[in-house]
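Undergrad: Residue numbers (this note's numbering), protein chains in the order written: chain A, 1 to 264; chain B, 265 to 528; chain C, 529 to 792; chain D, 793 to 1056.
Hints listed in this document are in silico derivations from the structure and should not be mistaken for laboratory results. For clarity, every value in this text was computed on a predicted model and none was experimentally measured. Don't take every hint at face value.
[Unchecked claim] Pairs of lysine-lysine residues, derived as DSBU-like cross-links and limited to a Cα-Cα distance of at most 35 angstroms, are as follows: (1) C:K537 <-> C:K595; (2) D:K859 <-> C:K537; (3) C:K595 <-> D:K801; (4) B:K331 <-> A:K67; (5) D:K859 <-> C:K595; (6) B:K273 <-> B:K331; (7) B:K273 <-> A:K67; (8) A:K9 <-> B:K273.
There are 4 protein chains.
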Amino acid sequence: MTHATADDKLQLGGEVFSSRLITGTGGAPSLDILEAALVASGTEMTTVAMRRLNPRTTGSVLDLLRKLGIRPLPNTAGCYTAGEAVLTARLAREALETDWVKVEVVADERTLLPDTVELVDAAERLVDDGFVVLAYTNDDPVVARRLEQVGCAAVMPLGSPIGSGLGIRNPHNIRLITEQATVPVVLDAGIGTASDAALAMELGCDAVMLASAVTRAQEPALMAAAMRSAVDGGRLAYRAGRIPMRHYAEASSPTDGLAEIPAF
Amino acid sequence: MTHATADDKLQLGGEVFSSRLITGTGGAPSLDILEAALVASGTEMTTVAMRRLNPRTTGSVLDLLRKLGIRPLPNTAGCYTAGEAVLTARLAREALETDWVKVEVVADERTLLPDTVELVDAAERLVDDGFVVLAYTNDDPVVARRLEQVGCAAVMPLGSPIGSGLGIRNPHNIRLITEQATVPVVLDAGIGTASDAALAMELGCDAVMLASAVTRAQEPALMAAAMRSAVDGGRLAYRAGRIPMRHYAEASSPTDGLAEIPAF
Amino acid sequence: MTHATADDKLQLGGEVFSSRLITGTGGAPSLDILEAALVASGTEMTTVAMRRLNPRTTGSVLDLLRKLGIRPLPNTAGCYTAGEAVLTARLAREALETDWVKVEVVADERTLLPDTVELVDAAERLVDDGFVVLAYTNDDPVVARRLEQVGCAAVMPLGSPIGSGLGIRNPHNIRLITEQATVPVVLDAGIGTASDAALAMELGCDAVMLASAVTRAQEPALMAAAMRSAVDGGRLAYRAGRIPMRHYAEASSPTDGLAEIPAF
Amino acid sequence: MTHATADDKLQLGGEVFSSRLITGTGGAPSLDILEAALVASGTEMTTVAMRRLNPRTTGSVLDLLRKLGIRPLPNTAGCYTAGEAVLTARLAREALETDWVKVEVVADERTLLPDTVELVDAAERLVDDGFVVLAYTNDDPVVARRLEQVGCAAVMPLGSPIGSGLGIRNPHNIRLITEQATVPVVLDAGIGTASDAALAMELGCDAVMLASAVTRAQEPALMAAAMRSAVDGGRLAYRAGRIPMRHYAEASSPTDGLAEIPAF
Chain A
1 MTHATADDKL
11 QLGGEVFSSR
21 LITGTGGAPS
31 LDILEAALVA
41 SGTEMTTVAM
51 RRLNPRTTGS
61 VLDLLRKLGI
71 RPLPNTAGCY
81 TAGEAVLTAR
91 LAREALETDW
101 VKVEVVADER
111 TLLPDTVELV
121 DAAERLVDDG
131 FVVLAYTNDD
141 PVVARRLEQV
151 GCAAVMPLGS
161 PIGSGLGIRN
171 PHNIRLITEQ
181 ATVPVVLDAG
191 IGTASDAALA
201 MELGCDAVML
211 ASAVTRAQEP
221 ALMAAAMRSA
231 VDGGRLAYRA
241 GRIPMRHYAE
251 ASSPTDGLAE
261 IPAF
Chain B
265 MTHATADDKL
275 QLGGEVFSSR
285 LITGTGGAPS
295 LDILEAALVA
305 SGTEMTTVAM
315 RRLNPRTTGS
325 VLDLLRKLGI
335 RPLPNTAGCY
345 TAGEAVLTAR
355 LAREALETDW
365 VKVEVVADER
375 TLLPDTVELV
385 DAAERLVDDG
395 FVVLAYTNDD
405 PVVARRLEQV
415 GCAAVMPLGS
425 PIGSGLGIRN
435 PHNIRLITEQ
445 ATVPVVLDAG
455 IGTASDAALA
465 MELGCDAVML
475 ASAVTRAQEP
485 ALMAAAMRSA
495 VDGGRLAYRA
505 GRIPMRHYAE
515 ASSPTDGLAE
525 IPAF
Chain C
529 MTHATADDKL
539 QLGGEVFSSR
549 LITGTGGAPS
559 LDILEAALVA
569 SGTEMTTVAM
579 RRLNPRTTGS
589 VLDLLRKLGI
599 RPLPNTAGCY
609 TAGEAVLTAR
619 LAREALETDW
629 VKVEVVADER
639 TLLPDTVELV
649 DAAERLVDDG
659 FVVLAYTNDD
669 PVVARRLEQV
679 GCAAVMPLGS
689 PIGSGLGIRN
699 PHNIRLITEQ
709 ATVPVVLDAG
719 IGTASDAALA
729 MELGCDAVML
739 ASAVTRAQEP
749 ALMAAAMRSA
759 VDGGRLAYRA
769 GRIPMRHYAE
779 ASSPTDGLAE
789 IPAF
Chain D
793 MTHATADDKL
803 QLGGEVFSSR
813 LITGTGGAPS
823 LDILEAALVA
833 SGTEMTTVAM
843 RRLNPRTTGS
853 VLDLLRKLGI
863 RPLPNTAGCY
873 TAGEAVLTAR
883 LAREALETDW
893 VKVEVVADER
903 TLLPDTVELV
913 DAAERLVDDG
923 FVVLAYTNDD
933 PVVARRLEQV
943 GCAAVMPLGS
953 PIGSGLGIRN
963 PHNIRLITEQ
973 ATVPVVLDAG
983 IGTASDAALA
993 MELGCDAVML
1003 ASAVTRAQEP
1013 ALMAAAMRSA
1023 VDGGRLAYRA
1033 GRIPMRHYAE
1043 ASSPTDGLAE
1053 IPAF
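All chains should be built: construct the whole structure from the sequences, respecting the hints.
TA: Below, the structure is given as structure tokens:
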């Protein structure tokens, strides 16, 4: 695997990553379990919610990331307006000394779907303010393009609602997004299992972001390893060029000139 | 990965395998490319068609397998009756000095779908004759159970027609098969890309068998590596216990007690 | 609708039907509700289970069918061997004075999936015995062809397990069956809602058979009307020749020569 | 059918419709064929593109609608900004003497996907200007709610890109939209065949809008009849309350107390 992926790094926001799996920390039952999962995932960047305080895990999440050498990516989870998101991003910049931010502006608690009008506004303001902006968005190719136009470093379309585990509900839209994008596309939200992550990569995404699928799995570290393999597998398959689909069968070898026994 | 999979070997026909990927050789453009793909796949067992002679590749396929330390698994591809399949298996046993056989009895050239009546007959006769029988079958749980009852060492349901690349057309049936099986289930035929292989494992299959998806890919060795990762990922996800699907979102962290900045 | 369908009758077993919807009676909460549903469905043929006695409804089901002028089609539900099915069919022939039979031979109670080996055997014997045989089978094109070869008047592949409401799990197989069939294909089992029935017809089936989807719906008569419309709609769509699928959009009108206002 | 649907009219913009199928005219090969299709569809409202001039059909489209007693619904197809859409709507109001408008603001010619930022802006301005606004939008529940909030009389989410025939790519989103909507939801764009239209209604849509699926079918009038039946069927199924999906089978009758022959 090392060999096949060594020349295939992810370039994002002017930096280079070996791992194409970005993780979140929410939902982990304990710091120990989170640590094991992060290590198993091979991730190099992990989001941290600036507006949340989970007494069980958040307290030392940043310490843990520092220990593991994983870059923290502050997000604006829990923000409902562009104004809130911009403020949260600025607080994060001061606190974490990073100008990277994953901007989320959600519309309601039931679906946690992005409010794309507020999102585009927030993204534009943050780019103007010097941030490296990764934008969590819906799967609308038009919104994705707009986010790119206002200067986002990456677009992060959802597969399905956050935490739903429904996978990629509309692969067609994700393909339309990756076809047109000139910045990295990170499939974010909705991943339930390994094949979802592989599919995301096969559709041309440059990376996958997930949290609950790992942290809430029955065995988080095992699922983290699963996601790592699946992201690698999907990426390799994308690069390898899959066979076309056929309505009928095709024998894997010519059947003309059948001989009873091969010549060996 | 090594760590996570070390205690999770495939037991099949009284033998133990570290790899859960079984490959075929048909469709490879050259022996060199086949060799690179086999190595990248990490496979430990590869089928060989006893009734075919592909002048480009078959001649030295067995030499190649010997060199790579990969176990050859003769198949009965191209047989349309139980009688032909039994005869072919016996010729293979003499020629390859193995009593393992993948039994295929197909119904027609257009679909290459198994003729399950002939198949069950052939399997039963081969078991009686001392063979270790792996049976390529349709995705009917009733036929799978019957094959198990006549003594097959593994059942190999198709995902879709051979070479079609259509993936797993009926995951529900594959699940019904794996739920009931007491011998290994190997998803065989129809795999098109990495996420298909991951899904097979998530459905509870014990291994995946494929040929065209790798040998006919634009870059066979890369796709072989993809399949290896995807099979690992799918297996790990199966063991890890995925999150349930939800209709609505679920925040990855509690949002009660939101604080502006995490305590760090 | 009458106009469009008047010249498109179903020919099956030497008879002609205006309705392409065959219904069952099982699961109806009362005879009155069953009657309303049968009328709303427009069906001309309804199965009757010979081996069942549902004290609430079966007693007078045959009276009801007689009153409504609906042809009873005895089935062999509950039979697990060819022998049982043949015996049941013969009892039905005497009791109902019809040589039509829907032959079912199931493998187990959990899935109610057909045992195709027993099924083919039963079908062959019943054809030899002068029956007009409609065979409930899995969705394997090879078995469908075999049933046709032994003389069945119709093949009835399942969409998914009986009563599951899972719809058509493998449209690809149903298409393979309808492409090759020279006798009517009736999609049987698994229909959950109207769009499932429409899809069956679009795949080239000649009719749809269902019971639970109507009798267990919250409002059986309304669902019966739904199924009638959906079967009509699906059949018409099949005949009308649908548009191809495209990856991108296509404007519904030329946009060259745009004018501000149409000439009217 | 009349019976079952008589009490189930569509209320939209303060008016009542018996038909839940809204059609377009684009793509029809001739006025005669268009007429036959419109009649077969049973539609009561048909869109007219104000910015297009198709020499073959548009000239007399309005005459045809007048003759058939079908309400014309001007749309703003071909507009790329809110300003263009508002202008086009006003021209249409003068020309057609209707204050109803289907507002479309598309982002590009390749996908014809709506630009939702411009769309919301246009919708708001048109509502303020006294229009009854039906808004063609993407399948984002948040945008749908926003359109409702600015006063749209109906939201018209797409199933897939215009003219693509890809059906409903994301049923989950359509369901989220219909669950929350307090104005009618009209599935617009992407319908390919009858089962797509039935599914739209089963998901809780109040009506279906389509053009190419009928006008470009091999037999437009037959497909129009198909769509009419499918919309009816889907609506009835929605009202009837479908059976739940089950993983395993459920016999349609109790099998306890099996008797050899029913009591008749």
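Undergrad: Go through the numbered hints given earlier and state which of them the structure violates, listing their numbers in rising order.
TA: 4, 5
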